[in-house]
Amino acid sequence: MRIPVTFGQYVPVASAVHALDAKAKMGLVAAFTTAVFLVEGFAGLAVMACFVAAAIALARVPAMVALRGIKALAFLLSFTLVANAVRWEPATVSLVRVGPLALDGPGILDGVFFASRVVLLVVGTSLLTLTTTPVQLTDGLERVMRPLRAIGVPAGEVAMMLTIALRFIPTTAQEAEKIVVAQTARGARFDEGGPVRRAKAFVPVMVPLFVNLFRRAEELAVAMESRCYRGGEGRTRLNPAVMRAVDWAVLVTVSTALIAAGIAL
Amino acid sequence: MALVAANLCYTYAAGTAYEVPALLGVDVHLECGDLLVIAGTTGSGKSTLLRLLAGLLQPSSGTVGLDGSSASDRRSRGRAAMVFQNPESQFFAESLLADVAFGPRNLGAQEPARLAAEALAAVGLDPDTFGDRSPFTLSGGEARRAAIAGALAMRAPYLLLDEPTAGLDGRGRRDVLLAIGRERDRAGVAVVTHDPEEFLPSATRVLALRAGETAFAGSVDELLANPSPYLEAGLRLPEVVMAQLFARDRGLPMGAIEFEPEAAAVRLSHARGARS
Amino acid sequence: MWGPRRMRGPSSSEECGLIELHEVSVTYPGAERPALDRVTLTIVPGRTLALLGPNGSGKSTLARLCNALLMPTSGRVVVDGMSTVDEDTLWQIRARVGFVQQNPENQIVGTVVEEDVAFGPENLGVPVQELRSRVDDALAAVGLTGFERREPHLLSEGQKQRLAIAGALALRPAYLVLDEPTAMLDGEGRSDVLAALRRLRADGVGIVHITHHLEDVIDADAVAVLDEGTVAFSGTPAELLADPQAAETLGVEVPAIVVLAEALREHGVPVPRDAFTAESVAEAVWRS
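From first to last, the protein sequence lines are chains A, B and C.
Going by this note's numbering, the first sequence runs without a break in its numbering and finishes at 265.
Going by this note's numbering, the second sequence runs without a break in its numbering and finishes at 276.
Going by this note's numbering, the third sequence runs without a break in its numbering and finishes at 288.
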């Protein structure tokens, strides 16, 4: 049973955005986020929306995939809208009044503004994980965190832990499945009873899984020490991700444009 | 009273781009007292077949019947006990007795603890000494036997084991073989293995698979009379048996083929004497 | 390709490329008896030492002494002139002695094959250009060329174990210690791993092969059988099998074919002492 497992949201397609260095993309996300918060009106939001649309098109990612994250936000968005649109005994004129609660024109506009901002942030930042593999992200994160080593952040070790976690996700998933099947063969049922009973039913799965994970960690540690791992210092990389001129160019120009737009609009 | 499978077919991820046909029409017949050895190389479909027999998978086509009812029927629940590869990685309880009693308890047995104690005794682990121990403190061979006891405690009329001796040393393998042999008194046993050598001497029937199809099905005597289909499926016979087969091919008048080296030596030296 | 010819030793007094265990004892904290009791052994490049014995006889402990994962309670372990208790040479020893465990899955660190093989030399700060050639050489040595971008969980068990060996080889070790490398593999995986080990021995790597399967190491240069922490037998496989009953009492699983050959000899059939396969035994019977 060798079904390939794709982790997270990475969409394996060749595009200009995919080809950009992960660090450049992280920088762009930071600039984009800043710009979105700087924007003060709908005109500015519209500009940011155009930017996101252009990025999605350049990334050659299906629009439906890119917009998938919005569904999960439905509750948050409705809450934002309502919280802003409904006022308690406002002094100003309102559209509709029901007792002490009033639906208020400017409030609705505020609600829409803030909700739109959330949507833009989520879609914009998801472009990072859609176009960058987890390994590239981890490597980029390590490089970006490196200056923090001066204040004691173990950037190399954190990156190594993330890499190992990523490496073992498909393996652990396979193992969990095997354990579930084995306990099912012993008559265990996972779909009976209320929430407490169902939670307890997973003990025969979680315990062996964790025991195996600890054993795995021990053997892996022996393997890593045997292969001369002694922390993140002084390690070279087989496929180092280097910022090329084009990466810098895109990062600087697009970031500047975004921030300028944010300030202006 | 038998476990009967007719024309079993199974395709993984059917209908998707990752479709993989694993079984292409296999028959099985298992009764109390049988030891069926299902042999095949990696990818031959043997583990898939076992899961189908246990009712854990639904066949793409064909039927699996347990004493008249379908294997996936409610009535069949607990009638086929299965032991997976490396079953000791499924321990979860604080005491061995509690872990082994898990199966019978789930099936609503009257006295799960008693069944668990009997099962532990059946695999050679004294319940008084081992019952209270944590399953995580057992040695490799002990753990394997304890995990098998977990299936035995279910008292199912059919026992299905996937590679029960893999990864054990000589003593561990012998202990497991003994435990399996004892179960034949009250159950039909099917063993899946990529290395059938140690099971052949006591097997009642051999089913060799090759790329999802039956390469050979018959008794051990039939296998030894014509070993080609079995060998062509990529499987090995014990070296002692192969030596006698080579001698027979050369023209030495071999009688029955022996599995035990001493008995084989007697046959070979007699055949050598008879030739001249 | 591999081995001492390519090694540049750290000390000039590396007159003997050897792993020497001299009167080594190991007692684990809280244990009643020593896991190893005054063991003396030598491991030579280009030769395979098979290490047999029942579970608990001290084989794994001995393996871990060779690459300084474990320190002896008494006695000393010296690798190419470097003592394992010396902190300054610890990583040189680890790079000199590769270590492969039983479970292939739990030795793989990288998210794709080539990244995992590169892990060892990356730790040593080997420059990027050389990293690539080391990865290519290591994969070629185990027959996994072409698998560079494959994800580990999509490999067969035998392929995973060969990947683990490649990961050790990327450090260009002079020695390779393998603790039951084929225990969790089926027939095909096992023969692929054994073939790779034979090639490595021919290339000059000194191999310590711990196993329960005497058939796997029947062509080893030397065999040591451990029993409760001491060396109960030391010699060649042929010498060990010259007396199968004695071997059995030592806890060695004597292959049935050897028992057959011995029984035939007792019946007056002249079977040569080095006949370990079905073909050779049948041949001997036919010709007699």
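What the hints contain is simulated information worked out from the structure, not anything from laboratory work.
The C-beta atom is built at its ideal place from N, Cα and C for all residues, glycine as well.
Watch out, some of these pointers could steer you wrong.
Said to hold, decoys possible - Per the computed footprint, the stretches of chain B lying under chain C, defined by three or more beta-carbons under 8 Å from a beta-carbon of chain C, are: (1) 25-38; (2) 161-174; (3) 230-239.
> Which of the stated hints cannot be reconciled with the structure, identified by number in ascending sequence?
Replying inline: 1
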